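**Student:** Each chain, letter by letter, is given below.
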Amino acid sequence: MTHKKSYTLGELAKMLEVELVGDGQCLINGLATLESADTGKLSFLSNPAYLGKLSSCRASAVIVEPKFSEAFDSNKLLSNQPYVSYARASEIFDKKLISKQSVHASAVIDETATMGFSVSIGANVVVGAGCIIGDGCVIGPGSILAEGCVLGKNCELNANVTLYHAVILGERVVVHSGAVLGADGFGFAFDGEKSVKIHQLGSVRVGDDVEIGAGTTIDRGAIEDTIIEHGVKIDNQVQIGHNCVIGAHSIICGCTAIAGSVTLGKYCIMGGASGAVGHISIADKVQVSAMSLVSQSIKESGMYSSGTGHMKTREWKRNIVRFRQLDDFAKRVREIEKLADKKKESEIAD
Amino acid sequence: MTHKKSYTLGELAKMLEVELVGDGQCLINGLATLESADTGKLSFLSNPAYLGKLSSCRASAVIVEPKFSEAFDSNKLLSNQPYVSYARASEIFDKKLISKQSVHASAVIDETATMGFSVSIGANVVVGAGCIIGDGCVIGPGSILAEGCVLGKNCELNANVTLYHAVILGERVVVHSGAVLGADGFGFAFDGEKSVKIHQLGSVRVGDDVEIGAGTTIDRGAIEDTIIEHGVKIDNQVQIGHNCVIGAHSIICGCTAIAGSVTLGKYCIMGGASGAVGHISIADKVQVSAMSLVSQSIKESGMYSSGTGHMKTREWKRNIVRFRQLDDFAKRVREIEKLADKKKESEIAD
Amino acid sequence: MTHKKSYTLGELAKMLEVELVGDGQCLINGLATLESADTGKLSFLSNPAYLGKLSSCRASAVIVEPKFSEAFDSNKLLSNQPYVSYARASEIFDKKLISKQSVHASAVIDETATMGFSVSIGANVVVGAGCIIGDGCVIGPGSILAEGCVLGKNCELNANVTLYHAVILGERVVVHSGAVLGADGFGFAFDGEKSVKIHQLGSVRVGDDVEIGAGTTIDRGAIEDTIIEHGVKIDNQVQIGHNCVIGAHSIICGCTAIAGSVTLGKYCIMGGASGAVGHISIADKVQVSAMSLVSQSIKESGMYSSGTGHMKTREWKRNIVRFRQLDDFAKRVREIEKLADKKKESEIAD
Chain G
1 MTHKKSYTLG
11 ELAKMLEVEL
21 VGDGQCLING
31 LATLESADTG
41 KLSFLSNPAY
51 LGKLSSCRAS
61 AVIVEPKFSE
71 AFDSNKLLSN
81 QPYVSYARAS
91 EIFDKKLISK
101 QSVHASAVID
111 ETATMGFSVS
121 IGANVVVGAG
131 CIIGDGCVIG
141 PGSILAEGCV
151 LGKNCELNAN
161 VTLYHAVILG
171 ERVVVHSGAV
181 LGADGFGFAF
191 DGEKSVKIHQ
201 LGSVRVGDDV
211 EIGAGTTIDR
221 GAIEDTIIEH
231 GVKIDNQVQI
241 GHNCVIGAHS
251 IICGCTAIAG
261 SVTLGKYCIM
271 GGASGAVGHI
281 SIADKVQVSA
291 MSLVSQSIKE
301 SGMYSSGTGH
311 MKTREWKRNI
321 VRFRQLDDFA
331 KRVREIEKLA
341 DKKKESEIAD
Chain D
1 MTHKKSYTLG
11 ELAKMLEVEL
21 VGDGQCLING
31 LATLESADTG
41 KLSFLSNPAY
51 LGKLSSCRAS
61 AVIVEPKFSE
71 AFDSNKLLSN
81 QPYVSYARAS
91 EIFDKKLISK
101 QSVHASAVID
111 ETATMGFSVS
121 IGANVVVGAG
131 CIIGDGCVIG
141 PGSILAEGCV
151 LGKNCELNAN
161 VTLYHAVILG
171 ERVVVHSGAV
181 LGADGFGFAF
191 DGEKSVKIHQ
201 LGSVRVGDDV
211 EIGAGTTIDR
221 GAIEDTIIEH
231 GVKIDNQVQI
241 GHNCVIGAHS
251 IICGCTAIAG
261 SVTLGKYCIM
271 GGASGAVGHI
281 SIADKVQVSA
291 MSLVSQSIKE
301 SGMYSSGTGH
311 MKTREWKRNI
321 VRFRQLDDFA
331 KRVREIEKLA
341 DKKKESEIAD
Chain U
1 MTHKKSYTLG
11 ELAKMLEVEL
21 VGDGQCLING
31 LATLESADTG
41 KLSFLSNPAY
51 LGKLSSCRAS
61 AVIVEPKFSE
71 AFDSNKLLSN
81 QPYVSYARAS
91 EIFDKKLISK
101 QSVHASAVID
111 ETATMGFSVS
121 IGANVVVGAG
131 CIIGDGCVIG
141 PGSILAEGCV
151 LGKNCELNAN
161 VTLYHAVILG
171 ERVVVHSGAV
181 LGADGFGFAF
191 DGEKSVKIHQ
201 LGSVRVGDDV
211 EIGAGTTIDR
221 GAIEDTIIEH
231 GVKIDNQVQI
241 GHNCVIGAHS
251 IICGCTAIAG
261 SVTLGKYCIM
271 GGASGAVGHI
281 SIADKVQVSA
291 MSLVSQSIKE
301 SGMYSSGTGH
311 MKTREWKRNI
321 VRFRQLDDFA
331 KRVREIEKLA
341 DKKKESEIAD
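Residue numbers (my numbering), protein chains in the order written: chain G, 1 to 350; chain D, 1 to 350; chain U, 1 to 350.
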């Protein structure tokens, strides 16, 4: 992609495959929110709750659903999925430097590694023996690929990514800085005195169109592989234990901790800092709210939560004392109910 | 700073701007706790709860508040803020090697980058096109700055830090190893079938005197920037989502997860492993206790908590069963109360 | 260790020090689970719950306890600790490339550093002044050791590990990629306006046979050292604050956050994403369940938990409202009980 400074609305309408209402010659040089937009900017309305902001918005154009077209006086791009159209526009206006096809002189590439066409390798990258790097891959500076890794076409590894041996990525996989794929799963056998390491003989296999956030770690399997299916999006500092299977198109928000051997369904959403204990299965289309722990298998799609919600600490301290007494408490209420029932019975008997 | 092996108490009193009581010629070669201190060591009393330890402390001198001066027989440095004075003394006795002004031969620095005076660049550092590195900055080995980053004066990036493009740091910013600033915010538009990436066009702007811990990730903004204001201190493995604004002088303890578009007030303290869901505001001077989740905006300063506190697992298992029944339970108590009220009424009526 | 493609069962029985029942000439080329095993594979039964799977297992041999020997028709390796024997076998079949003794030309090693025999140093490694690297150590590409670090014999640092100055590792310590040892502990003294940094003058000392996971951070001590005792196993993305003492052979699962100055006993297990607040002591042999917070010292061994367990979000929302009312609620129940007691008394008095 070239980085033109601006596009006409007409050009954008074509690129985004949306209907233009207004001046096709109007020049757009970037994106902006409804509040901050000014002349030259393209904005968007994806949440109808903000409909009221359209009247005062000073953007040169907005992306809106056809039904809200009337609410904005100036140029419009009509889309049935304004948020998706905005996502596509964001790619057009991304000013990130596109790495040129080149291998930096300081890169250390094993002679047995195979490079596709149009590959870009940054400074101080290390590529181990037998690695296969697909066409169009970009590997950021300082990234390290141990022996036998395979990258499909057009993968993008940012700076300082680490791949252990034999990690396999599909096509168009994006990995952010500090992420570590294929480190040893956490497995030890306790011999009564000390922990004996279980060497992790599996690897990590990642499907197409997966994004993996900064500082995220995905461990290699003990015997079989850890698997991330197509289209999965993983945020920063997520931990995925050995032998997990993360179902296609699931979304895993930041700081989520998934223990070993968890099977997560397709189209799931794990909220930020949520967790799942090991050796469980979670059905398709399950949503887990922030900082909730899934402590056993979930068989039915739907929304799940744990925790207490926050409150003033003073109030909370009193309540957690009571939480400790809950079971005792429940029994006392049952006792009173029995008494009340007896009373009622005796009244009826009266 | 030079690393003299020792200082006289008189020198230290001057450097710390505190009052000396005792022998100004006494030599001090390091700091120690009240319990472990021996001849040659300077200790401090910051928590009055430990006042009793002064009598048996063998330090050559202690930093104390004037009102506790009597409690220690030997040399004293009188300070109204002993903990602050200790902090200043800790800088004097820090033996960490001070990097000399130099650019390591292995560093890969783009010819369009601008270097200030007295800059130190470690081995294998990569500095991208158009970066501007302020006077006195120290960049540790293996750190990578993508194109267009700007570092104010006297920043200290430790080894293996990653800055994505266009990240802007103020003056005296310290970033620890493994930290990643400016990775893509986690934004996708779901088109009914798959997640379409929202390119993150904003950046990260960090104020003066900010410290950022090891393995911490701060994402770039979607359209506008993610902002860390002056004096903020962030511990290890903290995640700060795109478009957050972290108010000046707030403290964020280790492993805290802050989702996107959170506005945190000034002088807040987020306890260890705490969290905040996205798109909320938290007032100034709010303190959130460890592993608590802020699940909606907080408008009033004060202390907030969530969770249950720990207990024996056996006991806990009984209580969490009851927690699931709480709503039903509350209704049953209300029922009994009504009954009791009726009873009382009827007694009164009697 | 050489990487033969296969071993006879007889050879394996000797190496694993277990009793062979069956054909000692049978060739084994790898490990497999009971379900997936096929000819040439060695499997194992460690959990008696899976005993039923033995009859249909197609492995060429299985490791079993003597008492379950009858349950499998083909070759067996009899072990009193099948899981431990499997762990040992996993080492034999690990195909990870063993680094040859060598120092990569791109490594930057200070002339004052001392290297033992048979040391392997990867590409772009940086070893600071005065470091001492023990015999047989392997340091992966991109790893950085600041000045004065000491590594005992046969340590294995994977790629992109960071050690700050003066960090000391025992023998056979394994550190995974992205881990950071010895970054500054999080200490600041608030002077009424801003946070003054407390320089962290201690270091990190790690015992023998410790494993440290990917992205884990262990901070250096404020005055004295942070200590990890022998045999401790730490998973990925764990945070250990300054001046902690982690007792021998304890297991710390992924994403656990341990605040500063925590003393954890020996043989403890901290479950995944669990936490401990600062300045507390936890007894030996304490087990903390996943995502539980230890909010005060634990003096007795046993299992501890916090949290609520997950439930459907709709149900959960009703219950957390009640949780906020728990204290009030408890008082109301007490009130009713008093009433009931009075009633009973009056009935008795009647």
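A portion of the hints provided could be inaccurate.
[As the list claims (entries may be wrong)] A short, non-exhaustive set of chain D residues, derived as facing chain U with CB atoms under 8 Å:
1) 33
2) 34
3) 290
Don't read these hints as lab results, they were simulated from the structure.
Quick caveat: nothing in here was measured; it's all calculated off a predicted structure.
Just so you know, even glycine gets a beta-carbon here, dropped at the ideal spot from N, CA and C.
**Student:** Name the hints, by number, that the structure is in violation of.
**Tutor:** Number 2 - this is the single hint that the structure violates.
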